[in-house]
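> Take a look at the letters that make up each chain.
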Amino acid sequence: MPLNPSFTGRSYPPTEPYEVGREKIREFADAIGAGHPAYRDQSAARASGHPDIVAPPTFPIVLSMRANRLVLDDPELGIDEGRVVHGEQKFRYFRPVYAGDTLVCRAGIEELTARGGHEFLLIRTDVATTQDEPVVTVWSRLVVRGEK
Amino acid sequence: MDKDTELPERSFRITRADLVRYAGASGDFNPIHWHDRTAAENDLPGVIAHGMFTMALAAQALVDWTGDPAGLVEYEVRFSKPVAVPDDEIGAEVVVSGVIQSPTAEGRTRIEISATCAGQRVLGRGSGAVTRNG
Numbered sequence: 001m002p003l004n005p006s007f008t009g010r011s012y013p014p015t016e017p018y019e020v021g022r023e024k025i026r027e028f029a030d031a032i033g034a035g036h037p038a039y040r041d042q043s044a045a046r047a048s049g050h051p052d053i054v055a056p057p058t059f060p061i062v063l064s065m066r067a068n069r070l071v072l073d074d075p076e077l078g079i080d081e082g083r084v085v086h087g088e089q090k091f092r093y094f095r096p097v098y099a100g101d102t103l104v105c106r107a108g109i110e111e112l113t114a115r116g117g118h119e120f121l122l123i124r125t126d127v128a129t130t131q132d133e134p135v136v137t138v139w140s141r142l143v144v145r146g147e148k
Numbered sequence: 001m002d003k004d005t006e007l008p009e010r011s012f013r014i015t016r017a018d019l020v021r022y023a024g025a026s027g028d029f030n031p032i033h034w035h036d037r038t039a040a041e042n043d044l045p046g047v048i049a050h051g052m053f054t055m056a057l058a059a060q061a062l063v064d065w066t067g068d069p070a071g072l073v074e075y076e077v078r079f080s081k082p083v084a085v086p087d088d089e090i091g092a093e094v095v096v097s098g099v100i101q102s103p104t105a106e107g108r109t110r111i112e113i114s115a116t117c118a119g120q121r122v123l124g125r126g127s128g129a130v131t132r133n134g
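Protein chains in written order, with our numbering: chain A, 1 to 148; chain B, 1 to 134.
Quick caveat, the hints were computed from the structure, so don't treat them as lab data. Each residue gets a CB set at the ideal place from its N, CA and C atoms; glycine is no exception.
Residues on chain B that point at chain A, a partial pick, calculated with CB under 7 Å:
| id | residue |
| --- | --- |
| 1 | 21 |
| 2 | 26 |
| 3 | 72 |
| 4 | 75 |
| 5 | 79 |
Whole structure, please, built from the sequences with the hints as guidance.
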């Protein structure tokens, strides 16, 4: 079923605050083989001027994916998740994510287009602290593949 | 860093075990990244790596090139082909390369990146990053 273009601009409620833990960052860094000491060692991170352990660049996807779940599960949108593949991904950083941050995500549909039998859904997620300090903006373009 | 400088290639090996570990760490448990039958049912060339795993590996190359673990201002990729990860000990090899572009208006450095797997481009044209340091 084609996605309704009138859903462009639709926004979703903010997610529950996410507390970024040191061990979560270390676990993520291990999983991607990121060996830089700033991702694991508090004193190394502080020596480079950071307040705490730094999260690797793609770590915000852990949070934005939770917010994007609201879009994927939106019954009015009716996305068949088996047909979804990741087309493009972008991060714009105001600052790195640090251990100890408490972050809230606000997701919305920025663009909805169709081409060549496929549909393209651009979800923008604004990640900010609970004090409304912007941290990173995340864009995920999902491709809903047409039935063969 | 000078314009048009080609950065040293970085190569990463991805096995099924890496995908399971990434699934756990990231919270992305989509079965197309670990379950052959689901991958086949969705017309995929077998179990494929999370696009975000490939993006994370390319970010490691950026960190190695710039020496800064937290120096990215912007980072974007286009997933042009999936990375199929066979069920063996060898897995798949992703090779990441980068070229330094003209400095941006703010005096930052843009690095264009490309990644291939088995000779096919998996991160396509338009993939790259803007870094704080030069």
